[in-house]
Amino acid sequence: MSTITPPRAPSATGQPGRSVALNHPGGLLLRILLVVTVVAVAVFWWTGTPPTTGGSPGGAVTALGELTGLVASVLVCAQVLLTGRVPWFERAVGLDRLVSWHRTLGTSVVLLVLTHVLLMILGGALLSARALWPEAVTIVTTQPEMLSAVLGTAVFVLVGVTSARLLRQHLSYELWFVVHLSVYVGIYLTFGHQIAAGAHFVGSPVARVVWVLLYAVTAAALLTWRVILPLVDVVRHAPRVTAVLPEAGGMTSVWVSGSGLGDLGARAGQFFLVRFLVRGHLVSAHPYSLSVAPAGDHLRFTVGALGDHSSAVARLRPGTRVLLEGPFGRFTAARARRPGVLLVGGGAGVGPVRALAEELRLRGHDVVVVHRARSAAGLGLGNELAAAGIDYRPVVGHRSELGYDPLDTGHLPALVPDLARRDVFVCGPPGMVATVVRAARAAGVPRSAVHHEELSLS
Amino acid sequence: MTARRWRGTFVYLGALAGLAAVAVARFGGLPVDQAAAPVPGSTVPAGDTGGAAGGSGSQGTPDPSTSPSNPGTGSPDTSTVTVAGDVAQTPYGPVQVTVTFTGTRIADVQTVQAPSGPESSQIAARSTPILAQEVVDAQSARIDTVSGATYTSEGYRESVQSAIDARG
Numbered sequence: 001m002s003t004i005t006p007p008r009a010p011s012a013t014g015q016p017g018r019s020v021a022l023n024h025p026g027g028l029l030l031r032i033l034l035v036v037t038v039v040a041v042a043v044f045w046w047t048g049t050p051p052t053t054g055g056s057p058g059g060a061v062t063a064l065g066e067l068t069g070l071v072a073s074v075l076v077c078a079q080v081l082l083t084g085r086v087p088w089f090e091r092a093v094g095l096d097r098l099v100s101w102h103r104t105l106g107t108s109v110v111l112l113v114l115t116h117v118l119l120m121i122l123g124g125a126l127l128s129a130r131a132l133w134p135e136a137v138t139i140v141t142t143q144p145e146m147l148s149a150v151l152g153t154a155v156f157v158l159v160g161v162t163s164a165r166l167l168r169q170h171l172s173y174e175l176w177f178v179v180h181l182s183v184y185v186g187i188y189l190t191f192g193h194q195i196a197a198g199a200h201f202v203g204s205p206v207a208r209v210v211w212v213l214l215y216a217v218t219a220a221a222l223l224t225w226r227v228i229l230p231l232v233d234v235v236r237h238a239p240r241v242t243a244v245l246p247e248a249g250g251m252t253s254v255w256v257s258g259s260g261l262g263d264l265g266a267r268a269g270q271f272f273l274v275r276f277l278v279r280g281h282l283v284s285a286h287p288y289s290l291s292v293a294p295a296g297d298h299l300r301f302t303v304g305a306l307g308d309h310s311s312a313v314a315r316l317r318p319g320t321r322v323l324l325e326g327p328f329g330r331f332t333a334a335r336a337r338r339p340g341v342l343l344v345g346g347g348a349g350v351g352p353v354r355a356l357a358e359e360l361r362l363r364g365h366d367v368v369v370v371h372r373a374r375s376a377a378g379l380g381l382g383n384e385l386a387a388a389g390i391d392y393r394p395v396v397g398h399r400s401e402l403g404y405d406p407l408d409t410g411h412l413p414a415l416v417p418d419l420a421r422r423d424v425f426v427c428g429p430p431g432m433v434a435t436v437v438r439a440a441r442a443a444g445v446p447r448s449a450v451h452h453e454e455l456s457l458s
Numbered sequence: 001m002t003a004r005r006w007r008g009t010f011v012y013l014g015a016l017a018g019l020a021a022v023a024v025a026r027f028g029g030l031p032v033d034q035a036a037a038p039v040p041g042s043t044v045p046a047g048d049t050g051g052a053a054g055g056s057g058s059q060g061t062p063d064p065s066t067s068p069s070n071p072g073t074g075s076p077d078t079s080t081v082t083v084a085g086d087v088a089q090t091p092y093g094p095v096q097v098t099v100t101f102t103g104t105r106i107a108d109v110q111t112v113q114a115p116s117g118p119e120s121s122q123i124a125a126r127s128t129p130i131l132a133q134e135v136v137d138a139q140s141a142r143i144d145t146v147s148g149a150t151y152t153s154e155g156y157r158e159s160v161q162s163a164i165d166a167r168g
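Here the protein sequences line up with chains A and B, keeping their order. Okay, so the first sequence: first residue is 1 according to the working numbering, each after it adds one. Okay, so the second sequence: first residue is 1 according to the working numbering, each after it adds one.
The shape of chain B in the complex, shown without the other chains (with noise of 0.2 Å):
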């Protein structure tokens, strides 16, 4: 008799009311935000990267250096061709990569944006590293979370397996 019929689920209602709420709140007002990324897939010719990760740094994220120094043309065979990944969200912030193919060969990735804030651009700096060696290694997108950045390893894997497609 002191259990009131229905309470726990009217419980579990306003619960739920009151996280939605403290969701609202945190990111009430945000505009819908879509970083000036390069265009997913777009292949661009190595050395040219270095605007379009321009563009991301507003984000706020760790300078996306582009290390190609290979020309950007020179026959199909050879050729180092640098293609940009799809932007995929994480709950921390996007992440997006590009993959330099030298032929048929992924010799590179770069992090052109990755999550900031205080905690997740640290996880970010340790572990993006890491997964660009593990693609280089593994030569594709199937590679190993790195333990305590499973979201941008995630991002990252998607982000990889994109510019693989794109470059065809």
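Chain A extracted, bound-state conformation (with noise of 0.2 Å):
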């Protein structure tokens, strides 16, 4: 197969940085927001370090370990509140860009925090000419606060070890979510001897406040929008499961009602945290899309055969009460600029893109929906797309028997050859994603043209 749209130069590549800003103008002031945060924290740091304190190498190692310590328990505060479900945030970045600075710097973070106990045992080591391990003992021994500072340090480090990409495809969302969950022991269990041990709080009663506020905000927003406010919803909207339905591929419907539902303003493409309210859901939340445009106080959920949870959704029973927190998402129909737009589904992925095909063709634009399974038995909704009077063009079979993939630049142009004019939307599992995206921008889609979202929260 040869490739018909002759290859635009990518005069687009000369733009994206600014488009991006153009685009996400609460991104770029929420980073500018954390780097404030960081350089007041070193000013802090800084005037509570008298420069008399580098005079021996034990005493810059120490102050450096502190210097680390305390920006990391500023950015400990930060992650809480970035997958906090603050709604600000949400609005200005999605959820999905949140959950991934939340990833970059939980790395950033744990590694921080490894680092300022390296640095104190050392720079404690070297004031004291001890060895370090019996200098672990003192500090831990001597210093208040500090065993359960270990506890907490313990805490993050498994939080971090089982996010990490090597352990977390190995472990099922439900053991990782629970994991994750502790977290909030661990940074209790640290936030004692900051206060009580921190070199430059002890002598300072504003900083001691300050930093003791800092961290009651942060619990305060996180109750109000991961606690109380979805518990205030679950008692207004009351919603419950109200059918189950099987869909080819093995994928399942859930429809959930609830009086006002409707009231929430979810759109198509966008997701919500559904949390089932029976014996084996309880315990985690997962981000499923609407898979029809929503209408009234119906919602409707089509969740893949991933997981044991998700696989487990087929057995719920109608009248099952629902936790729903959201909805969220900026993965919507007011995205697209063109009049001509392009939807690429595959796997769950094709639940949000049916939602979105249908709101896209009501508000008057040209929608070709490319369907993307192994195999014919795979394409849930399909039926629904066939039927919605729109351009619906299925593509099956594994990679490995095409010989190729169709999705990719040198084949995507083919199927569609008006790719380059057309608004691309593509959701789906990640490596198709990226193959989508790559050649949507090789065929001179625009960056701010090529809209993709990713679910996992994990």
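No lab work stands behind these hints: they were computed from the structure.
Pulled from the structure, derived: some chain A residues nowhere near chain B, Cβ distances all over 12 Å:
hint	residue
1	Val86
2	Pro87
3	Val157
4	Leu167
5	Tyr184
6	Val210
7	Val212
8	Thr218
9	Ala219
10	Leu229
11	Arg275
12	Ala293
13	Leu323
14	Arg337
15	Val396
16	Ala442
Which bits of chain B does chain A cover? Going by a derived footprint, with three or more residues having C-beta under 8 Å, they are:
hint	segment
17	10-18
18	87-100
Just so you know, even glycine gets a beta-carbon here, dropped at the ideal spot from N, CA and C.
Two independent chains are provided; combine them into the complex using the hints.
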């Protein structure tokens, strides 16, 4: 197969930085806020650290260890807030990017905490002329709140390790989630030593108050948006499962209804964090996309057969209560700027594509849907898309059987010749999304017209 | 796909480099300045510590008024001897004490130098009398940390212990 569209000069690559900033002014603001906070902490450290501290190697190392600890501590609050469902952050950046930042920053924070521990031991050892291990024992036994700090650090490390790429893929979402929740215990355990043993706090009541306030405000935000408001919504809307329907490809559609659910203002392409209040589902909330444009007080989620929990969804009974957090996401029809739109869906990603196709068609767009599946039997919701009055193009076959990837740079333009003139929405497994984004960009679709969102929260 | 591989590690390395740069900026160009303090472990007759303490006065330490006014010489059993402890380094500056022994008993502990600076000297002024009393009560360096003065306490213990060791 040959490429029909001549490859265009990548003229758009000159401006992605600018267009990203323009597209996400909130994101830029949030990043600036983060940097300003860290700088403020550094200034606080600076004023509390006389230059003479650096007069001995041990003093300098200890002071650097304290700076590392202070920065790690403030970043811990940032970490919690990033995924704290704070509406302003969510609207400005989008939950998927917040989660991505959280992942990046999480690695850094765990490494900073470990660096802090090592520097404090090393600095103390240099000051007291003890070996590292005896010095570590001395610190833990003589300084206040240090035993709980050690336990808390262990929790941080455990959370970091279970989230690391190598290990995460071998863990179930549920196990990972429970371990991740324990980080709150870790944060609690490590807070005491900051105030009681932190050299910058013991002598300064003002600094102590500010630090306690920082943590109190973080905790309050967490309680408000992750606990209280979702619970209020449960009481107010009382959402329940009203129907559970099997779909092709092992997927399951779940209808959820509740009085006033329409007031939530959910849009096609958005997702909710869904927790079914029944044994086996209580522990973790899962991100599920709407698979029809919401109408009235009824929402439909279509769930792929991934993971223990997703397959258990098929056994849900009507009447089951549901805890909904959301709607989240910026993957909506409002993003489409051009008359022509290409939607690419694969796996469970076809759900939001199905909902978006419906809404985009109603808005008057010329909609093409490419539906990717390994086999014809895997085209879940394909029947609905075929009947929706849009240009529906199922693409079936395993890559190894086909001998090529029908969505890559060499083949997608052949499938959709006017690709370059369209907005491109893609939702599906990460590999597929990356392939389609590359193909669309290579075909000359500007970055601002390529829309994708990752659903995974882990 | 949004989280680029190793991005977190790179951010960490960048942050660490930034923090180290801040520390270097804070301490940069500062010559390693060893306090002109009494030679650690040297046994000096009581009453002579004033000179040694004066030497460290350049550090801006609280006035280490030398209290022992007993005659410096006497029979070994009841003699009063003042021993200077090691200089213990803490992140906020050196801590050094002199321990005055009457016979084998610890009679008094004087602070020769303690961390200076706007907050540190306040902390030192508050904590050192408590620490001195603790040493006299315990007759050893095994004393509790004074809350809010973790490093000073640690350094104090160290200096007292070295003085006791030097006394033998």
